[in-house]
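Protein sequences appear in the order of chains X and G.
Take the first sequence: its position 11, counted from the start at 1, is 17 in this note's numbering, and no numbers get skipped.
Take the second sequence: its position 157, counted from the start at 1, is 159 in this note's numbering, and no numbers get skipped.
Please keep in mind that the hints were generated in silico from the structure rather than gathered at the bench.
Please note that a few of the clues may not be correct.
Coverage of chain G stretches by chain X, computed from C-beta distances (three or more under 8 Å per stretch; other residues unrestricted) [what the hints assert, rightly or not]: (1) 89 to 99; (2) 103 to 117; (3) 167 to 178.
Even for Gly, the Cβ is constructed at its ideal location relative to N, Cα and C.
Each chain is listed here by its residues.
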Amino acid sequence: MSTVYIMWLRQLKRYFRSKPRMIGSLGQPLIFLLAFGFGFGKIYSQSGRGDYLQFLAPGVISMAILFTSVFAGIEIIWDRQFGFLKETLVAPVPRLHIMIGRTLGGATVALFQGVIVFGLACLFGFRPELKALPLTLVFMFLIAVLFTAFGTALASQLNDMQSFPLIMNFLVMPLFFLSGAMFPLEGLPRGMALVTALNPLSYGVDGLRMSLGLASFYGWGLDLAVLSLSSAFLLVVGGYLFSKIQI
Amino acid sequence: MPKPIIEVENLTKKFGDFTAVNGISFTVEKGCVFGFLGPNGAGKTTSIKMLTTLLKPTSGRVLLDGHDPAADQAGVRRTFGIVFQDPSLDDELTAWENMEFHGVLYKVPAALRKKRIEELLKVVELWDRRGDLVKQFSGGMKRRLEIARGLLHHPLILFLDEPTVGLDPQTRNHIWSYIKNLNRREGITVFFTTHYMEEAERVADQVTIIDHGRILARGTPAALKKKARAKSLEQAFIRLTGHSLRDEEASDIEHLRMARKMWRR
Numbered sequence: 007m008s009t010v011y012i013m014w015l016r017q018l019k020r021y022f023r024s025k026p027r028m029i030g031s032l033g034q035p036l037i038f039l040l041a042f043g044f045g046f047g048k049i050y051s052q053s054g055r056g057d058y059l060q061f062l063a064p065g066v067i068s069m070a071i072l073f074t075s076v077f078a079g080i081e082i083i084w085d086r087q088f089g090f091l092k093e094t095l096v097a098p099v100p101r102l103h104i105m106i107g108r109t110l111g112g113a114t115v116a117l118f119q120g121v122i123v124f125g126l127a128c129l130f131g132f133r134p135e136l137k138a139l140p141l142t143l144v145f146m147f148l149i150a151v152l153f154t155a156f157g158t159a160l161a162s163q164l165n166d167m168q169s170f171p172l173i174m175n176f177l178v179m180p181l182f183f184l185s186g187a188m189f190p191l192e193g194l195p196r197g198m199a200l201v202t203a204l205n206p207l208s209y210g211v212d213g214l215r216m217s218l219g220l221a222s223f224y225g226w227g228l229d230l231a232v233l234s235l236s237s238a239f240l241l242v243v244g245g246y247l248f249s250k251i252q253i
Numbered sequence: 003m004p005k006p007i008i009e010v011e012n013l014t015k016k017f018g019d020f021t022a023v024n025g026i027s028f029t030v031e032k033g034c035v036f037g038f039l040g041p042n043g044a045g046k047t048t049s050i051k052m053l054t055t056l057l058k059p060t061s062g063r064v065l066l067d068g069h070d071p072a073a074d075q076a077g078v079r080r081t082f083g084i085v086f087q088d089p090s091l092d093d094e095l096t097a098w099e100n101m102e103f104h105g106v107l108y109k110v111p112a113a114l115r116k117k118r119i120e121e122l123l124k125v126v127e128l129w130d131r132r133g134d135l136v137k138q139f140s141g142g143m144k145r146r147l148e149i150a151r152g153l154l155h156h157p158l159i160l161f162l163d164e165p166t167v168g169l170d171p172q173t174r175n176h177i178w179s180y181i182k183n184l185n186r187r188e189g190i191t192v193f194f195t196t197h198y199m200e201e202a203e204r205v206a207d208q209v210t211i212i213d214h215g216r217i218l219a220r221g222t223p224a225a226l227k228k229k230a231r232a233k234s235l236e237q238a239f240i241r242l243t244g245h246s247l248r249d250e251e252a253s254d255i256e257h258l259r260m261a262r263k264m265w266r267r
């Protein structure tokens, strides 16, 4: 437990000391809210589906969490480059605990970021139902855990930042755009429906929408199950990959 | 006779077809200050990495206080503290936080941790800077902090990979006298590599000279000098390895090693 705690604490301290990072990561969600929320909003409402911002906001909150999480996971590459990873690796603690601590730390940071974006969205006119707010936070946290674990497991296998654009363009961007964050999942062409159904973020966005009083596509039970099971799976995989790291 | 605390048997590490460490065997007695000497690229760091579970040997066996890294990594990890050749601190944390992180990771009880952190930071003269972020520290200060950190959990063995590189003579003396003191008082076994032969001659009880991944000679500094008919250990070292320290060649080998690592993926 103490290992998990100290790894978590470290991530938090690093995050709150880096103001540029905090502010910088708000830029993208802000642009999405403005450009899409107000830009596409009209077309969306003309098609008779109501206010696009109400639909989009949970997607943008998910996006903020997704990006922050994956980045937090990938931070391990910095640890490798600056040598700190060695300090963790020679410590007599189970690799799974290191993995869990790192993941929870990154996930807490991402959750925090998500809450800020939530607040920003409300400023722009997002008016969700807040009856199930605890469930909203659960979904936000699960998305954060899932993708921090994903980023961490992935980055444990990388030696330097050169693969970073690859991850951004071929993993993170598709994860976001093919998740139903931007568009409704109903009535998609079959191929697209399959792709979105295979994307765990779809369930996160769906669950988040449901908890905020919007319609759910998969149902919250399935959403919760997919998110928790894939998180647990990635944590174990990450723990295993950690035990295989050689420097 | 007591069992040696470090036992190495036929230890080999290959990177592709490059053999960094080639079947070395040696033992280190408990409480000994053991110098592992060799030019750059001789295989010292690779050996230390294999001894400290960071790298898996291609073949051969290591035992640290009876624990085998192949079977019981956590057991091995509990026995030692290590100061790496390159920095391994978290720059975004303060000196004190780096120590605290280490102490918690090694499960040093809170009260003892506090006391020991204070004691060690005072020894390395960083107590007044304990609240400063490590990124504001000079190279020497970082090194001192790493040494303090490596000692925090009362390890049986302290590995020091080039611990005094880049430090001024005062700091070097200071650190060595502290390590010697600790070695006498707490019986910590010290395994170090260095380029400073006069340093090795002064502090080491036993030295082993390695080059091209093979052990060339071992014994007390006095015995080695006698064997090489040299006045100083430095002279003995040069006679045994056939040359002086080879910085450039070594970095070539490092490059080769890096390139191999990349291509293997």
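Each hint tested on the structure:
Counting residues of the segment 89 to 99 of chain G whose C-beta lies closer than 8 Å to any C-beta of chain X gives 8; at least three are required, and the coverage claim holds. Coverage of a stretch by a chain is defined here by at least three residues with a beta carbon nearer than 8 Å to that chain's beta carbons; for the segment 103 to 117 of chain G and chain X the count is 6, and the condition holds. Check result for the segment 167 to 178 of chain G against chain X: violated, 0 residues qualifying (beta carbon to beta carbon below 8 Å, three or more required).
In the structure shown, a violation is registered for the earlier hint numbered 3 alone.
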